[in-house]
Amino acid sequence: MGEDEAMACATKDTQAKKNEKENHGKTIDKETQKPIASSIDRVNSVNGHRCFVHCTNNLLQPSTTAQLNANYVCCNASSFQQGGQTIELAMPPYQNPSVTNKQLEISSGQRINPLSFSMENSSPQMQDSVSSMESNNSYLNSQAGKSIGKLIFEAGLDPGILHLPSFKDMVDVLAWAQVSMPTYESIMEDQLKEIQYRAGDLRKQWEMSGCSVILDSWESRCGKSFISVLVHCSKGMLFLKSMDVSEIIDDVDELSLMLLHVVEEVGVLNIAQIITNDASPHMQAAEHAVLKRFGHSFFFTLCADHCINLLLENIAALDDVSKVLIKARDITRFIYSHAVPMELKGKYIQGGEILSNCNLKFVAMFITLRELVSERINLVELFSSPEWASSDWASRSTFRHVYEIVKTDDAFWCSAADILKLTDPLVTVLYKLEADSCPIGILYDAMDCAKEDIKCNLRDKHGDYWPMVDNIWDHYLHTPVHAAGYILNPRIFYTERFSCDTEIKSGTTACVSRLAKNHYDPRKVAAQMEIYQSKSAPFDSDTEIQQIMEIPQVRWWSAHGTSTPELKTFAIRILSQTCFGASRYNIDWSISEQLHLVKRPYPEQEKFRKMEYIHYNLRLAHSEPCVRGASGAQNGRLASRLGDWITSARATCYYK
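Residue numbers (this note's numbering): 1233 to 1888.
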């Protein structure tokens, strides 16, 4: 035998041994010399499980449909080897499991029956595997129901979505497995239990560190008046309910009764303050009546965001400012009302956006004015670009007015810059409140800094505007709670700019006595406050001072207030509160509007009320306050508060 023949024989022998090893235990077709599928072949299933396919003559049968939906593509197999031939699946990767009696057609004319089970030849190990898979499927169904429920209530979807074939198809395609669709009642109860569990945790926190009740007043598109009740604490925000107050908005007695019920529901011992965004005389009278009823044991305060927005509204009404805002609005209307400038805006404007989506209308106006001033050079480039020159708009008279403002109206741009010297420091107050973990502890200082910045920016002209700021501060914004927050905030107290004037001292004293209730002895707090203010031990060590900027203020008091326990309790109770309302959470109250405006039978109304409760609490559980508002990409709408800055016909504003 030659050398080449010997090598060929050796190679053939090696290949034969390899084939023998691979085909061990398998039936070999004599003609093709290929293995025939044995009684049990393993294929990969979804979710990392192994599933078994029993082969009987010309029928491939899945051992269980609990994990496989008669869909062998789920097992990463689009074809099977049987009897030496390739069997291709003619069906697409997904078959609707609701069509349970249909059979999958395969190219050879054979069929796969998804409901045929053959466990006769299965081993005990295989049966254990099937049992395990069915157990897993039960768990997956439970988790799927909870996830679907969370989606429906968080998005505020119609529960009828559960019965849409397309929704079932979507779920099955995503899961690659059969999912038992839950009923609306079951997912509602599941979600309600989870929300109630979270509410229980929050209520415990109310007892420990106090809470702020937030009354968010708003109007529907048909002019009806509503109040949504929320409760804020250091662990998060809870939505309680909404109320239609259209019939009692001018009735002091009825408003007082409404507030009384809210206080009793939350618990008077838990409440540090009630924050409102309604400064009407009727609401103020109702507030005084409620305070008298409960012995002035908490405070009513106005939302800081609302007060700053009110101040900016007063500034916007000034003649010189109003003229500038009108021209700024002309620019944004032109850009946002036409396709060509909108398309070019994304290319030439940094970030692609000019209009602010802030929920506070006048704050949004001045943020938008700031964006226009910052983007003037880019706007000039946009309207001078080749793309613009080649468009029909370049020659239209409508455009010339806007082009003249952008490119040649220097007086407009100078006036806009001067206005921002006044408004930017006020908007910055809102950003500071958002950036700090203890907003109530910095409001007083932030307003002082804003006034100083205005003085620095406007110099001799600041005297024309300071009275406007002081008027809002003195009559609306400032309360004893803010004074106490100022002095108890170690990040401010240990700085050179801290100043304890008569207003601070009297406000803090009032706060100590009114919030004491059963939480601490006010006399001991007063004595321990003197130790803190004199920076005596233990408030004079390097450790205390070093950690001021390293840990949040509430944690600082928890760590370093042990030798002054009553003062620590008081400080934590104050610094755990907020000073702004619900507007920063970008809440769409349309579900509450539907609840109150549509008449339903009592059972349906209660079901809808539960849906409202679940929906808003799911939203709040995952929301962070943001003064800029949600982006258009997040909430699908653009600058709803500035509808008249988008089109000349004022856009619908659902909530005022």
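Just so you know, these hints were derived from the structure itself, not from any lab.
This structure is a prediction, so every number in the text was calculated from the model and none was measured.
One or more of the hints may lead you astray.
[Claimed, not checked] List of simulated lysine-lysine pairs, DSS-like, C-alpha gap at most 27 Å:
1) 1456 with 1467
2) 1687 with 1664
3) 1456 with 1425
4) 1425 with 1842
5) 1378 with 1467
6) 1524 with 1693
7) 1593 with 1683
Among all the numbered hints in the text so far, which are the ones the structure does not match? 1, 3 and 6
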